[in-house]
Amino acid sequence: MTTLPEHLSSSSAVSTEAASAAAVGGGNRPSPTYAIVGNPNCGKSTLFNALTGLRQKIGNYPGVTVEKKVGTAWSQHGQPITLIDLPGSYSLAARSPDEAVTRDVLFGRRAETAAPDRILCIVDATNLERNLYLVHQVLDLGRPVILVLNMMDVARASGLAIDASHLEHELGIPVIPCEAVNGKGIVELRMAMSRASLPLPRHAWDVPAEIAPAVAELQAALMEGEGKPALLARAEALLLLTAAGSAAAAREASDVATFAPESRAATVLSHWQSHWRKEGVDWAASLVAARYDAISALCERVVAQRKPVSAADSASAAAHASRSDRIDAVVTHPLWGWLVLGGLMTLIFFSIFTFAEYPMDWIDGSVASFADWVKEALPEGDLRDLITDGAIAGVGGVVVFLPQILILFFFIGLLESTGYMAREAFIMDRLMSRVGLNGKSFIPMLSSYACAIPGIMAARTIENHKDRLVTILVAPLMSCSARLPVYLLMIAALLPGDTVPVASKVGLMLLMYALGTGGAFGFAWLFKKTLLKGEPPLMIMELPPYRMPALRAVARQMLDRAGLFLKRAGTIILSISIVLWFLATYPRAPEGADESGQLAQSFAGQAGHLIEPAIEPLGFDWQVGIGLITSFAAREVFVSTMGVVFNVDDPEEDTTPLREALAAATWPDGRPLFTPLVCLNLMIFYVFAMQCVATVAVVRRETNSWRWPLFQIGYMTGTAWLACFVVYQVGTALGF
Amino acid sequence: MPDSLPNNPSTLPLCQLPAGERGRVLTLAGDAPFCQRVREMGFGEDAVITKLSGSATILCQVGETRLALSHEAARRIRVQVIGPSHSGGA
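Heads up: the sequence lines are chains B and Y, in that order. Position 108 (the first sequence) corresponds to 108 in this note's numbering; numbering is contiguous. Each position in the second sequence, counted from 1, maps to that position plus 736 in this note's numbering.
Here chain Y stands alone, though its shape is the one from the complex:
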């Protein structure tokens, strides 16, 4: 994990990640079909995800994909904070 900060292994649910911050997906909770679809869409464990905005509904970016996640869905994705995004959006 080249981008992670080894001395600061702070982990949060995606819904609590501040806007503009990047995180690496650590674990997925929730029902199996949900987890499976998250993985199949390419943001399962180890994917880097940037939160763009939102509290009730979350807007985030994974690679070239812009995603909307309901708050409940974002609560089930636990991420390790990497730091602020450099490119703003993507």
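Isolated chain B, as found in the complex:
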């Protein structure tokens, strides 16, 4: 390493002492806490799962982890090691809320998380130089670091030879080559993590001479004024200077109020910045350049770009590169890309309708025979009705859709693990820029096809506050998996039996997804034009390399999802069904009233009647109204509610599948209730309406106010009503 400028050497000397103290105090405790840090998509969560045995969600696209996750790994000696998995970040100068989590945990700024004792830096070995930038910033913190070179197999295949032991010698920290996906190197890593003491990084680099005095002065101000330890103060000083622009911008970027605007540090910062502006020094750029200079000098010493070791390696590397190119040439093509996307969606829905039929019939049959068995086994009475008409009808009506949910998540899992998600964002960017957002906002929207909650969380990767808010506002318009049971039930009622070709069911389903997606774009445009005006942000997004789908991870995600779905069925849906049964059964009608008279005057019936005037223009009666009210808890509750409402009719009859019960339902004058137009309208209602308490709660948390979730309920449900009103009125006028 080159000699440090004099003023910096002195501050470095101070730092080393402080660092040693820190290492003795915290870094070398018997049960240390490790934070996992690295660029997006370099395998942090895969490694976290391998070390902890947990099943943190992983995926081949940026933004899967947006909040820290804590787990426990075990050292070689059986002692617990706390691991914190942090969101991927390119730099500690955070630009988005997820990156801010990483920075704040490392700097010990989060009240609920003590600063980690040690840090595991994961780098993608195929892209060492870029990945080392963040590592370089982390080394500034002066805490014990273990460097993990992940994806060594891919690096080797592309002809990169990284001398890990040389790198270890250069940095003075343990360097562990690893292939996290297939578990190679995990044992060695665990051994390194179990070491009672870890050496401190031998880390020195040349801060540009014109900036070095400012670093020293700022460090001193932060140490004296804010009482920060020497190394942390220096790292923070460098971070403040890396954030370009004004002192205020720097404070904001390094986040907020770690020192007051009138403090000495702020004065020092403004002083130097105005000095450099006069001199024409681009301090932020030259700091980045200085780091990269140090990194590329290091890489020159430890990386040899050599010919692949074998002809097979060489062939596989070339084939891989050209395969990626060929795939990208098609899936990012302005025309073919859209066709591929449309084809994939069709394939997914086609599979949902075709392959789910047998398991679905089986579940339907089993639920019905179970209900019949209970009817025979128990004496007639409220308890029997509660079990058959409340619990079984409600839960069974929803559980029957498990196969479809699994098929949907099978495909989502495949798309996530191959790297296609980021390409979808790429082809969507053009459309997104028309509505004032960019392709990056499409990733949260894509995740919302599974469930709006992870989608809204993934919006944390969006740098611009207004764009993040717009994305959060429109994300629940993307049709989530909880809508699937409603759509499927309505399609079954609308196009009954086997006489209708699958293609028309698929077409109808595609239409609903398109309607929701189109609505999301439309409202994003409207919000960007009115409420949250602003220029479309400049997008830079890394596209991960294609990987073969990790079938185990896909299967695991499907299992997790099935568990989650069944858990909801067994808890929320079961309890709502039971409560609903009571509300639909009491107060008792006078002797002699028929079953529908009983329902009509029950509590649930009264509530349905109460809202009937508002929903009658949409073609819905009070019985459907009960479903609209209960399904505010979660959309699939509509299906279980219909199960309870339409099964209380005939307790003596054998249990019929819900679809058939709906087909038999009528208005008081004998007209069928679920006409094709009404079924269509119900689907449209669920495309737009904000029927999900959990989403409301997450939006409240993510926006930190009640204003936005309430606004969201208002605009979404308002749109749903209006759209249904128009469709029903026009449809009826046209004679449907």
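Treat the hints with caution; some may be incorrect.
[As the list claims (entries may be wrong)] What follows is a list of derived Cβ distance ranges for each label pair:
(1) S575/B x A792/Y: 48 to 54 Å
(2) E757/Y x R547/B: 54 to 60 Å
(3) R277/B x E757/Y: 31 to 37 Å
(4) G766/Y x I327/B: 28 to 34 Å
[Claimed, not checked] Stretch by stretch, here's where chain B covers chain Y in the computed footprint (C-beta under 8 Å, at least three residues):
(5) 747–756
(6) 761–773
(7) 779–790
(8) 793–799
[What the hints assert, rightly or not] Quick partial rundown of chain B residues pointing at chain Y, CB under 10 Å, derived from the structure:
(9) A93
(10) R277
(11) E279
(12) V340
(13) S351
(14) M428
(15) G439
What the hints contain is simulated information worked out from the structure, not anything from laboratory work. Ideal placement from N, C-alpha and C gives every residue a C-beta, glycine not left out.
Following the hints, position chain Y against chain B.
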């Protein structure tokens, strides 16, 4: 700059660089956080960038990294044309 053509110092915004051509980044315009992130991701001044395709949204390659840039972002990166890429993609 060993690869540059000294007699042909043609410079273009990245969005106008023809597909398959390489360019060396000369200047970055745009707001400071954007420039800073571009630099931190390793394609600031002097980085060699290959444009793969795209006009509305640009697909390009820098080292081992494949990047998507919106048109507006690519317009703010000025490059000096080096010549066609030899390896096709990377």
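Taking the hints in turn, this is what the structure says about them:
1. S575/B x A792/Y: 48 to 54 Å: holds, 50 Å
2. E757/Y x R547/B: 54 to 60 Å: violated, 28 Å
3. R277/B x E757/Y: 31 to 37 Å: Cβ of R277/B to Cβ of E757/Y: about 36 Å, so the range 31 to 37 Å holds.
4. G766/Y x I327/B: 28 to 34 Å: holds, 31 Å
5. 747–756: violated (count 0)
6. 761–773: Coverage by chain B holds here, the residue count being 8 at a Cβ distance below 8 Å.
7. 779–790: holds (count 5)
8. 793–799: holds (count 3)
9. A93: Since chain Y brings a Cβ to about 7 Å from A93/B, closer than 10 Å, the hint holds.
10. R277: violated, 12 Å
11. E279: Status violated, d = 17 Å.
12. V340: violated, 15 Å
13. S351: violated, 29 Å
14. M428: holds, 9 Å
15. G439: At about 7 Å, which falls below the 10 Å cut-off, the nearest Cβ of chain Y leaves the hint on G439/B intact, so it holds.
Going down the numbered hints, you'll see the structure goes against 2, 5, 10, 11, 12, 13, while the others check out.
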